[in-house]
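Visitor: Sequence:
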Amino acid sequence: MGWFLRMARWVRHPPSMGQVKFLLVILAICALIFTYEQIFGWPEALTPDRTPRVPRF
1 MGWFLRMARW VRHPPSMGQV KFLLVILAIC ALIFTYEQIF GWPEALTPDR
51 TPRVPRF
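So for the sequence shown, my numbering puts the first residue at 1; every next one is plus one.
Please keep in mind that the hints were generated in silico from the structure rather than gathered at the bench. Yeah, the Cβ is synthetic: ideal placement off N, Cα and C, and Gly gets one too. Among the hints, a few may not be true.
Cβ pair distances, simulated, as ranges [as the list claims (entries may be wrong)]: (1) 12 <-> 48: 41 to 49 Å; (2) 54 <-> 20: 48 to 56 Å; (3) 25 <-> 56: 31 to 39 Å; (4) 17 <-> 42: 29 to 37 Å; (5) 30 <-> 2: 33 to 41 Å; (6) 16 <-> 41: 32 to 40 Å; (7) 29 <-> 53: 45 to 53 Å; (8) 51 <-> 20: 41 to 49 Å; (9) 9 <-> 30: 20 to 28 Å; (10) 26 <-> 47: 20 to 28 Å.
All chains, please: the whole structure from these sequences, using the hints.
Guide: Here it is, written out as structure tokens:
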């Protein structure tokens with residue numbers, strides 16, 4: 001129900017063109033990062049090293 005109220009408010013008071021452009025730029029950057037990762041994979045340098053768990057006494 002809350003989402004319908006939010007959608008109704010957006011219809012009555014739509015966001016400015018600047019906000020829409022900003023959102024589209026953010027979505028485009030996310031899509032580019034996702035596509036790059038799918039094509040080339042995750043960089044090994046950014047993968048954290050797993051340290052063995054040391055039992056505590």
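Visitor: Each hint should be assessed against the structure and marked as holding or not.
Guide: Here's how the hints hold up against the structure:
1. Take residue 12 and residue 48: their Cβ atoms lie about 47 Å apart, and the range 41 to 49 Å holds.
2. For the pair residue 54 and residue 20, the beta carbons lie near 52 Å from each other, so the given range of 48 to 56 Å is met.
3. Roughly 49 Å separates the CB atoms of residue 25 and residue 56, a value that falls outside the hinted 31 to 39 Å.
4. Range check, residue 17 to residue 42: Cβ separation about 36 Å, and the 29 to 37 Å hint holds.
5. The hinted window of 33 to 41 Å between residue 30 and residue 2 is violated, with their beta carbons roughly 25 Å apart.
6. Take residue 16 and residue 41: their Cβ atoms lie about 39 Å apart, and the range 32 to 40 Å holds.
7. At about 37 Å, the beta-carbon gap between residue 29 and residue 53 misses the expected band of 45 to 53 Å.
8. Taken as a hint, the range 41 to 49 Å holds for the pair residue 51 and residue 20, whose Cβ atoms sit roughly 46 Å apart.
9. With their beta carbons about 25 Å apart, residue 9 and residue 30 fall inside the hinted range of 20 to 28 Å.
10. Look at residue 26 against residue 47: about 25 Å separates their beta carbons, and that is inside 20 to 28 Å.
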